[in-house]
Amino acid sequence: GAVVSQHPSRVICKSGTSVKIECRSLDFQATTMFWYRQFPKQSLMLMATSNEGSKATYEQGVEKDKFLINHASLTLSTLTVTSAHPEDSSFYICSATSLAGETQYFGPGTRLLVL
Amino acid sequence: AQSVTQLDSHVSVSEGTPVLLRCNYSSSYSPSLFWYVQHPNKGLQLLLKYTSAATLVKGINGFEAEFKKSETSFHLTKPSAHMSDAAEYFCVVSEALYNFNKFYFGSGTKLNVKP
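Protein sequences, first through last, are from chains P and F. This note's numbering puts the first residue of the first sequence at 1, with every later residue one more than the last. This note's numbering puts the first residue of the second sequence at 1001, with every later residue one more than the last.
Hints in this document: simulated from the structure, not taken from any laboratory. Computed from a predicted structure; not experimentally measured. There could be a bad hint or two in this list.
Here are the simulated distance ranges between beta carbons [what the hints assert, rightly or not]:
1) P:Leu68 / F:Met1083: 38 to 44 Å
2) F:Gly1062 / P:Gly16: 44 to 50 Å
3) F:Pro1018 / P:Ser18: 47 to 53 Å
4) P:Lys41 / F:Ser1070: 38 to 44 Å
5) P:Ser15 / F:Glu1071: 21 to 27 Å
6) P:Ser15 / F:Lys1042: 25 to 31 Å
7) P:Asn70 / F:Glu1071: 40 to 46 Å
8) P:Leu76 / F:Ile1060: 23 to 29 Å
9) P:Lys14 / F:Gly1016: 46 to 52 Å
Calculated pairs, DSS-like style, for lysine-lysine (alpha carbon to alpha carbon, straight line, at most 27 Å) [said to hold, decoys possible]:
10) F:Lys1102 / P:Lys14
11) P:Lys64 / F:Lys1069
12) F:Lys1042 / P:Lys41
Covered by chain F, per the in silico footprint, the following chain P stretches (three or more residues, Cβ under 8 Å) [as the list claims (entries may be wrong)]:
13) 30-36
14) 46-55
15) 61-69
16) 88-99
Using N, Cα and C, we set each Cβ at its ideal position, and we do this for glycine too.
Next comes chain P alone, as it looks inside the complex (with noise of 0.2 Å):
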């Protein structure tokens, strides 16, 4: 099947710095790609939606210039997560799918811890 990698797999910062995340499709073009966010014992949350060379889509309540997000190429996509806060200490984990695909794959998740 389709693999998607996360690195860091881990990741522990100071509160105010930035923090970035890889999520790449490893044996497919992904031409979408998604950043959820799950919180302890909780479902995962979409956080946003990028397709490979356009700005990406923020669900509600998500701030775009917290959380940035680049799909540069069909087979990367990053996370920037700026200035972070104790807060948004979190597990993110990224998906993506192929052109009309109907199946997300997804990737095995980011710990973020800010402390």
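Chain F: place on chain P using the hints.
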């Protein structure tokens, strides 16, 4: 609008006994439905999907689900639970947008398998 209700937040079964994880959906048209499994600190893995073909869908690891339009249900079953099945399970309904499918996640069901 699309939505998913997973009726049980926790299900506990003994090893070797049947598993039933319940899911009801709401959709304004014929939906695509998915079941994903998430093991601790791991990414989501696709178990199976329904996309308007056969109503009984067989997935990996012996799981299957039946789409019942009259009941708006898509329950996940397995005849005999294995210890390795202990995980969190998410039911998902997708909405087709202009060039991708947006996922709506249920709240998840944590499956515990007792020896």
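Of all the hints given earlier, name the ones this structure violates by number, lowest first.
-> Going through the list in order, the structure violates hints 4, 5, 10, 11 and 15 and respects the others.
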